[in-house]
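*Asks:* Listed here are the chains, written in short residue letters.
There are 2 protein chains.
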Amino acid sequence: MPMRMSTLFLRTLREDPADAEVPSHRLLVRAGYIRRVSPGIYTWLPLGLKVLRRVETIVREEMDAIGAQELLFPALLPREPYEATGRWTEYGPNIFRLKDRKDQDYLLGPTHEELFTLAVKDLYSSYKDLPVTLYQIQTKYRDEARPRAGVLRGREFVMKDAYSFDVDDAGLAKSYDAQREAYVRIFDRLGFHYVIVEAMAGAMGGSKSEEFLATAENGEDTYVRCPHCGYAANVEAVRVPVPDAVDASGVPAAHVEDTPDTPTIASLVELLDARFPRDDRPWAAGDTLKNVIVKVTQPDGTSEVLAIGVPGDREVDDKRLSAQLEPATYEIFDDFASLPQLVKGYIGPGALGADKPAGVRYLLDPRVVDGTRWVTGADQPGHHVVDLVKGRDFDADGTIEAAEVRVGDACPSCGHGLEAARGIEMGHIFQLGRKYAESLGLKVLDENGKLVTVTMGSYGVGVSRAVAAVAEGNHDELGLVWPRQLSPADVHVVATGKDDAVFLKAQEICQGLEAAGLEVLYDDRKGVSPGVKFKDSELIGVPTIVVVGRGLADGEVEIKDRRSGERRAVPVDDAVREVLAEVRTA
Amino acid sequence: MPMRMSTLFLRTLREDPADAEVPSHRLLVRAGYIRRVSPGIYTWLPLGLKVLRRVETIVREEMDAIGAQELLFPALLPREPYEATGRWTEYGPNIFRLKDRKDQDYLLGPTHEELFTLAVKDLYSSYKDLPVTLYQIQTKYRDEARPRAGVLRGREFVMKDAYSFDVDDAGLAKSYDAQREAYVRIFDRLGFHYVIVEAMAGAMGGSKSEEFLATAENGEDTYVRCPHCGYAANVEAVRVPVPDAVDASGVPAAHVEDTPDTPTIASLVELLDARFPRDDRPWAAGDTLKNVIVKVTQPDGTSEVLAIGVPGDREVDDKRLSAQLEPATYEIFDDFASLPQLVKGYIGPGALGADKPAGVRYLLDPRVVDGTRWVTGADQPGHHVVDLVKGRDFDADGTIEAAEVRVGDACPSCGHGLEAARGIEMGHIFQLGRKYAESLGLKVLDENGKLVTVTMGSYGVGVSRAVAAVAEGNHDELGLVWPRQLSPADVHVVATGKDDAVFLKAQEICQGLEAAGLEVLYDDRKGVSPGVKFKDSELIGVPTIVVVGRGLADGEVEIKDRRSGERRAVPVDDAVREVLAEVRTA
Chain A
406 MPMRMSTLFL RTLREDPADA EVPSHRLLVR AGYIRRVSPG IYTWLPLGLK
456 VLRRVETIVR EEMDAIGAQE LLFPALLPRE PYEATGRWTE YGPNIFRLKD
506 RKDQDYLLGP THEELFTLAV KDLYSSYKDL PVTLYQIQTK YRDEARPRAG
556 VLRGREFVMK DAYSFDVDDA GLAKSYDAQR EAYVRIFDRL GFHYVIVEAM
606 AGAMGGSKSE EFLATAENGE DTYVRCPHCG YAANVEAVRV PVPDAVDASG
656 VPAAHVEDTP DTPTIASLVE LLDARFPRDD RPWAAGDTLK NVIVKVTQPD
706 GTSEVLAIGV PGDREVDDKR LSAQLEPATY EIFDDFASLP QLVKGYIGPG
756 ALGADKPAGV RYLLDPRVVD GTRWVTGADQ PGHHVVDLVK GRDFDADGTI
806 EAAEVRVGDA CPSCGHGLEA ARGIEMGHIF QLGRKYAESL GLKVLDENGK
856 LVTVTMGSYG VGVSRAVAAV AEGNHDELGL VWPRQLSPAD VHVVATGKDD
906 AVFLKAQEIC QGLEAAGLEV LYDDRKGVSP GVKFKDSELI GVPTIVVVGR
956 GLADGEVEIK DRRSGERRAV PVDDAVREVL AEVRTA
Chain B
406 MPMRMSTLFL RTLREDPADA EVPSHRLLVR AGYIRRVSPG IYTWLPLGLK
456 VLRRVETIVR EEMDAIGAQE LLFPALLPRE PYEATGRWTE YGPNIFRLKD
506 RKDQDYLLGP THEELFTLAV KDLYSSYKDL PVTLYQIQTK YRDEARPRAG
556 VLRGREFVMK DAYSFDVDDA GLAKSYDAQR EAYVRIFDRL GFHYVIVEAM
606 AGAMGGSKSE EFLATAENGE DTYVRCPHCG YAANVEAVRV PVPDAVDASG
656 VPAAHVEDTP DTPTIASLVE LLDARFPRDD RPWAAGDTLK NVIVKVTQPD
706 GTSEVLAIGV PGDREVDDKR LSAQLEPATY EIFDDFASLP QLVKGYIGPG
756 ALGADKPAGV RYLLDPRVVD GTRWVTGADQ PGHHVVDLVK GRDFDADGTI
806 EAAEVRVGDA CPSCGHGLEA ARGIEMGHIF QLGRKYAESL GLKVLDENGK
856 LVTVTMGSYG VGVSRAVAAV AEGNHDELGL VWPRQLSPAD VHVVATGKDD
906 AVFLKAQEIC QGLEAAGLEV LYDDRKGVSP GVKFKDSELI GVPTIVVVGR
956 GLADGEVEIK DRRSGERRAV PVDDAVREVL AEVRTA
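Taken in sequence, the protein lines are chains A and B.
Count the first sequence with our numbering and you get residues 406 to 991, in order.
Count the second sequence with our numbering and you get residues 406 to 991, in order.
It cannot be assumed that every hint is accurate.
No copy labels: a pair is met if it fits in one copy or bridges any two.
[Stated by the list, open to error] Lysine to aspartate or glutamate pairs mimicking DMTMM-like chemistry, simulated, CA-CA at most 20 Å apart:
| # | residue 1 | residue 2 |
| --- | --- | --- |
| 1 | K526 | E420 |
| 2 | K940 | D881 |
| 3 | K938 | E549 |
| 4 | K455 | E466 |
| 5 | K507 | E549 |
| 6 | K613 | E731 |
| 7 | K533 | D929 |
| 8 | K931 | D534 |
| 9 | K855 | D534 |
| 10 | K938 | D534 |
| 11 | K840 | D723 |
| 12 | K931 | D851 |
| 13 | K848 | D534 |
| 14 | K940 | E971 |
| 15 | K507 | E495 |
| 16 | K903 | D685 |
| 17 | K724 | E466 |
| 18 | K940 | E824 |
| 19 | K931 | E852 |
| 20 | K940 | E420 |
Quick caveat, the hints were computed from the structure, so don't treat them as lab data.
With the hints as constraints, model all of the structure from the sequences given.
*Replies:* What follows is the structure, given as structure tokens:
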């Protein structure tokens, strides 16, 4: 039976919903795929559910093909395992917590590392049981601060999450590669443009980590790419190429200068140019060293003061610093009264060197290599120190990747200038390591009868998000344009006019298409104008549209390609064959 | 690819789990289908998930076949719609409530009447849009006081819930009948013995209401049936056949008697027999009228005192009384000090007649018809009134179906004696009426342009519960015995011994079966004894088992029917053909 527009639970809207910021959200609501129930919480109407299921099927097929095994954990989870791994606290306000009638604590699962780990611990005990990769396609919950863009970033959403369990790192690398290959197939089949970027493992710990981003102008995630060698990375994950040390033997000794009225780096540079003109080039912001002070707080509540030294032409990037510090968080330090060695605006080699207060750490941008010379604060108001050489005049406790990444920065892989681009995070695979296995005691006996901790990989796909991401990349000003494999129907048959013969013939074509195995959406509405029907078909976005109408008098129907807009008249008796050819070669 | 036991995420247990009370729970855990995470909250392991999906598919196909349309509501729901219908309060401790980061109230959906109603209100506005029936297959949540029996009564569970929307009662009756027929097909296909019983609509209001119960000795639900005419009803729904009024013209005037030392009905009957022997037969408990006093509290907190008069040989049945009073609740009244007219143990026609305190209601069992004569309390300690005739000497405010139903009671349909039986509620269909449409303002324009309130039907199937209910009805002392259509695999191929030739041949048979479209579970484990493999295959319960082992030397394999235990040797080259014949004719 075709889906009949006369009875289908669907109403298209001519107006954009007031809260829609991005095209996918606007169009999925207008075309009757989703409806908002609460912020970030949506109902999947019949057409939307069909697309969602098609995404699920593709993901499931590719997981099954690499031998991953599907199971299904509950979404309502007891506190204890999340307490054991520290995440009950770490998640802060980002998860939904609740109590049952016996006052026991529960949460709605945001991700299920704990449950997967405990399931393997429950069933397995020997290296012979491994490797195993398990997955589920499940509804998950996160109490996002800013749910946005419809189902692109929701608070209730569908995810595929998979975890691999291996006895050693070589096994993990193999499991990871198998997932990576499956992801490439999944994202190819979903049919959007995507890029695989190096990523930080973040709160999860672990080593290798890659994200699959759908490229999208409206994407929330910024990444950088190298047009020369193909390198791509999340901003958080970009590693600054470390320059070679510089020979500073000709640099004069560091000297403190009176630098009044230089509240900004620009004013300092101006003063330097006026007072100490350089032979080779004017002074630049990049010649100064800016020391940014933050207070870092660990999940257990302990905190420390961290000083970060970056070239004066770069800001500390919030995302990059946050990623480095996770699971700790930071705030800008402002309690200068408690640390009088730090002179606000003039923090320099004294306060961060010989006079450094106990408990303060000092980390430098990796560009600040031995032999580089800098102008920085002189630890007293209105004074800077010039010709300060790293390694000769000052040093630090280490380096940190916290400075902003800029277009034109050198590619860490080939040195060419980097470009910036935006995307939507659709998948994330990473080598999680032993963090969860250690917290929850997942060990197996190895070949020698010794207990060893299992190592894990983590592999997620945003299934409901994929519906929006595909819509984001497949629409025009008239509406959605689904890739064939995700379209809620294979063909949209539109009958126009009032002539019973038209509806009879349209019905016959539907039956022919269905007999050939196609799913058909049939606009059989009477009393609705052809114009409205055409507009609806464009909005809904089934890739092939068959119009049965006035042309029938001449023995013809029209086949329209939604994406190109091309139309062609074909003899009515060829309609089914022509559509089949189009659908199947596509 | 077959599911290989060597890698399948499965461990069978030889011991029963400590908390398992019923066979389905015990066996589903032991055979590796489910695992408990928290009380009433379970993980579906790979084999269990396969059975769950097969149930879902059957339900979905039958819903689609009658034109019901699938959508998917969220499980995390805002308070407001449930507030509008009063259920936020009515549900009491039976739902999970939580707050989001902005302190807004949410609940985990126990049933979705509100969301279905609002969705139709959102999209539809005219009688021309109706009828429509919508459904979802979704994870639901109830904070059961006593979660039990594994997935039979869980706190997180999968349900199919459908609602029909019609413009008038005739339409509702038609939608109801279509669902009823689909339910018959669903329960036939699920393959268990079931009975359709008349039910109370309960908290939901509405008129016609039927439950589909899987017959099961361990069932939580008691029902009665008539072996003569086939009538079946929930205990709550049984209606007492009302006898004709009796001619009481020969009955002497009521007389109060001193009845010392008669604290129980039995002692009263003994005294009556000694002091006032009857000519026709001895006195019986059924000749006395017992007045039970309860306090009834409405959801809004208001309360009243209710007196219930039942023949002395019957108790007031908690379930029947609760069903009559819903959504109000009751407790036994004990504040006799506040109503001195009611003399505890001797409440009689004075306190419930002429001297009845304001605000007390008096309802009688329907058997207490005009002209019947009774012995009851005389409103003073140690005294009873005899020859009290209903209609002549006392009356009440109405009748109530609260007395217990007993085996042998007359069938309301044919008068034959009723039997008691037990079952598991698997489905419930009922005519919900206009309750939700009224609370939430779901109206459409009728043919005359007038707004009319839509009438609804409600149709639920316990999908995850069905897995347990089928297991409850399909097992023996060795393990599970799945009906073919629900089995996690069509065939279980077991290779025994150490001979490589055996495993090669078993593998070949698996391929042959899969090429023919069957799903295969293959026990390819090496170093596991044949005894353990046979035990596992019996526990897991795939209906057809193929053993490839020692017989292979003689060119034979064994085909075993799990249910009957029958085994037969077949030539190895016929194995695939023989299995196919068995699976397909079954």
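*Asks:* Regarding K931 and D534, is the shortest C-alpha distance of 20 Å or less found within a copy, between copies, in both, or in neither?
*Replies:* between (62 Å within a copy, 13 Å between copies)
*Asks:* From the Cα coordinates, with 20 Å as the cut-off, is the pair K940 and E824 best called within, between, both, or neither?
*Replies:* neither (39 Å within a copy, 63 Å between copies)
*Asks:* Between copies, within a copy, both or neither: which fits K938 and E549 at Cα up to 20 Å?
*Replies:* This pair counts as neither: shortest intra-copy Cα distance 38 Å, inter-copy 49 Å.
*Asks:* Evaluate K940 and E420 at a C-alpha cut-off of 20 Å and name the case that applies: within, between, both or neither.
*Replies:* within (13 Å within a copy, 64 Å between copies)
*Asks:* For K903 and D685, with the copy left unspecified, which applies at a CA distance of at most 20 Å: within, between, both, or neither?
*Replies:* Classified as neither: same-chain Cα gap 84 Å, cross-chain 82 Å, threshold 20 Å.
*Asks:* As a check of your reading, is K840 near D723 (CA-CA no more than 20 Å) within one copy, between copies, both or neither?
*Replies:* neither (25 Å within a copy, 53 Å between copies)
*Asks:* Up to 20 Å between alpha-carbons, please classify K507 paired with E495: within, between, both or neither.
*Replies:* between (25 Å within a copy, 19 Å between copies)
*Asks:* Is it within a copy, between copies, both, or neither that the alpha carbon of K507 lies no farther than 20 Å from that of E549?
*Replies:* Intra 28 Å, inter 11 Å, cutoff 20 Å: inter-copy only.
*Asks:* Can you give me the call for K931 and D851, within, between, both or neither, at a CA distance of at most 20 Å?
*Replies:* For K931 and D851, the Cα distance is within 20 Å only across copies (19 Å; inside one copy 71 Å).
*Asks:* How would you classify K931 and E852 at a CA-CA limit of 20 Å: within, between, both, or neither?
*Replies:* between (73 Å within a copy, 17 Å between copies)
*Asks:* Under a CA distance limit of 20 Å, which applies to K533 and D929: within one copy, between copies, both, or neither?
*Replies:* between (60 Å within a copy, 14 Å between copies)
*Asks:* Using 20 Å as the alpha carbon limit, work out where K526 and E420 are close: within a copy, between copies, both or neither.
*Replies:* between (53 Å within a copy, 18 Å between copies)
The structure does not agree with the numbered hints 3, 11, 16, 17 and 18 stated previously, though it agrees with the rest.
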